[in-house]
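There are 2 protein chains.
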Amino acid sequence: MTQILGGLKKGLAFVVSAPAGTGKTTLVRMLVEEFSCVVESVSHTTRSPRPNEVEGRDYFFISKPEFEKKIQAGEFLEYAEVFGNLYGTSKKFVLQQQEKGKHVVLVIDTQGALQLMEKMEATFIFISPPSLEELKSRLHRRKSETEEAMAQRLSWAQKEISLAGRYHYHIINDHLKIAYEVLRSILIAEEHKTGL
Amino acid sequence: MTQILGGLKKGLAFVVSAPAGTGKTTLVRMLVEEFSCVVESVSHTTRSPRPNEVEGRDYFFISKPEFEKKIQAGEFLEYAEVFGNLYGTSKKFVLQQQEKGKHVVLVIDTQGALQLMEKMEATFIFISPPSLEELKSRLHRRKSETEEAMAQRLSWAQKEISLAGRYHYHIINDHLKIAYEVLRSILIAEEHKTGL
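So the sequence lines, in the order shown, correspond to chains A and B.
Residue numbers for the first sequence, in the working numbering: 860 to 1055.
Residue numbers for the second sequence, in the working numbering: 860 to 1055.
In isolation and in its complexed conformation, chain A is listed as follows (with noise of 0.2 Å):
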């Protein structure tokens, strides 16, 4: 187990978006299956599960209205509709994991992240694919939507990436290799700041 990472009481917050396709998922395992001290949160959502996504590890599956009651109680640090589709970032979750010393990694949308960047303190990290072109044909790929959810996808993913210069760090996922490199190099470099 590598001791570069982990040396802080309380961990730090880590926002990821990416465009789907861009390989946002594989590269925050390698993360925290390197470093026992990285945690991703875990949302809650509305839509239903993918064939291979497992509860409480991929998402907390919630119905609409026990959402809107978690909405309601102010329990989401954010919380956006994508597609139809309600996600949502547990507050407590997170704080609970930061007070353990772990640094938590959230995946959310650019809707999310722009909400967080006003009230959190967190370093935000966009991800891109080299061209829309490859996302293009890694979503082809996959083979899990139909033709027009995959256009929607698109358009939205362009959306998303021009967005990027709001975050402080971009990674573009040419060589997943080195995006990890990129991804880990910085968790390594804000553990080492200043003023922590």
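Some hints here could point you the wrong way.
The list treats identical chains as interchangeable, and a pair is accepted whether it falls inside one copy or across any two copies.
Each computed SDA-like pair below joins lysine to any residue, with the alpha-carbon atoms no more than 25 Å apart [unchecked claim]: (1) Lys868 with Ser1021; (2) Lys978 with Asn944; (3) Lys929 with Glu912; (4) Lys995 with Asn944; (5) Lys1036 with Leu1055; (6) Lys928 with Arg906; (7) Lys959 with Glu914; (8) Lys950 with Tyr918; (9) Lys869 with Glu1040; (10) Lys961 with Lys1052; (11) Lys923 with Arg1012; (12) Lys961 with Met976; (13) Lys1018 with Asp1033; (14) Lys868 with Leu1022.
No lab work stands behind these hints, which were simulated from the structure alone.
Starting from the known structure of chain A, arrange chain B on it as the hints suggest.
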């Protein structure tokens, strides 16, 4: 050769300060060896070369009158007197390297670094020994100095360490391998900041 660094048209500047005996020379040399896009700034000094030091690689060794002429001509980004000797960084050297897309590492003492903080766009990194005790025993092993010079160096080190909080990053060189990984991570992260 790794391609994780070197993607910018104009290189960045990194200012590294560390008390003597902290391993800064080794760490910076590792960086220059790993990345062809990283160069170390070669300072001018009026002090005499140590046995292993090479003109143009370690320093440009010049006389005091020559040094003072360069000060008058405004050729230095910063200069400082340390233990009776003058040290200065040539503006031209740094800018020329940056224009070539090279990241320039300036290894300078805290006096010089504080001058630069006000007038130069750079990332400031402080490297410290795990403790003053450890630094003392490292300097003992070096055996290049009298007891008096060493005592002076230690008291100066203490003053320098108290300034670490003014830098952007603080690396504690407890294990060389880990300290190096942190240092390279800082360069990689900085290159991937938005708004460069």
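Now the hints, each set against the structure:
For the identical chains of this complex, lysine 868 and serine 1021 are inter-copy neighbours only, at 21 Å across copies versus 36 Å inside a copy, given an alpha-carbon limit of 25 Å. With identical chains, the CA atoms of lysine 978 and asparagine 944 are at most 25 Å apart within one copy only, with a shortest distance of 23 Å there and 50 Å across copies. Within a single copy, lysine 929 and glutamate 912 get their C-alpha atoms as close as 22 Å, which meets the 25 Å cut-off; across copies the closest is 66 Å, which misses it. Taking identical chains as interchangeable, the C-alpha atoms of lysine 995 and asparagine 944 lie at most 25 Å apart only when both belong to the same chain, with a minimum of 22 Å there against 61 Å between chains.
Proximity of lysine 1036 and leucine 1055 under a CA criterion of 25 Å is satisfied inter-copy only: 23 Å between copies versus 29 Å inside one chain copy. Taking CA atoms no more than 25 Å apart as the test, lysine 928 paired with arginine 906 passes inside one copy only; the shortest distance there is 16 Å, against 72 Å between copies. In this homomeric assembly, lysine 959 and glutamate 914 come within 25 Å of each other (Cα to Cα) only inside a single copy, at 23 Å, whereas the closest approach across copies is 51 Å. For the identical chains of this complex, lysine 950 and tyrosine 918 are intra-copy neighbours only, at 15 Å inside a copy versus 54 Å across copies, given an alpha-carbon limit of 25 Å.
Both within a single protomer and between protomers do lysine 869 and glutamate 1040 lie at most 25 Å apart by alpha-carbon distance, with minima of 24 Å and 22 Å respectively. Proximity of lysine 961 to lysine 1052 under the C-alpha cut-off of 25 Å is found in both arrangements, the shortest distances being 16 Å within a copy and 23 Å between copies. Taking the shortest alpha-carbon separations for lysine 923 and arginine 1012, only the intra-copy value of 22 Å comes in at or below 25 Å, while the best inter-copy value is 66 Å. In this assembly of identical chains, lysine 961 and methionine 976 lie within 25 Å of each other by CA distance solely inside one copy; the values are 20 Å within and 32 Å between copies.
Taking identical chains as interchangeable, the C-alpha atoms of lysine 1018 and aspartate 1033 lie at most 25 Å apart only when both belong to the same chain, with a minimum of 20 Å there against 45 Å between chains. In this assembly of identical chains, the alpha carbons of lysine 868 and leucine 1022 lie at most 25 Å apart only when taken from different copies (22 Å versus 32 Å within one copy).
The structure is consistent with each of the numbered hints, conforming to all of them.
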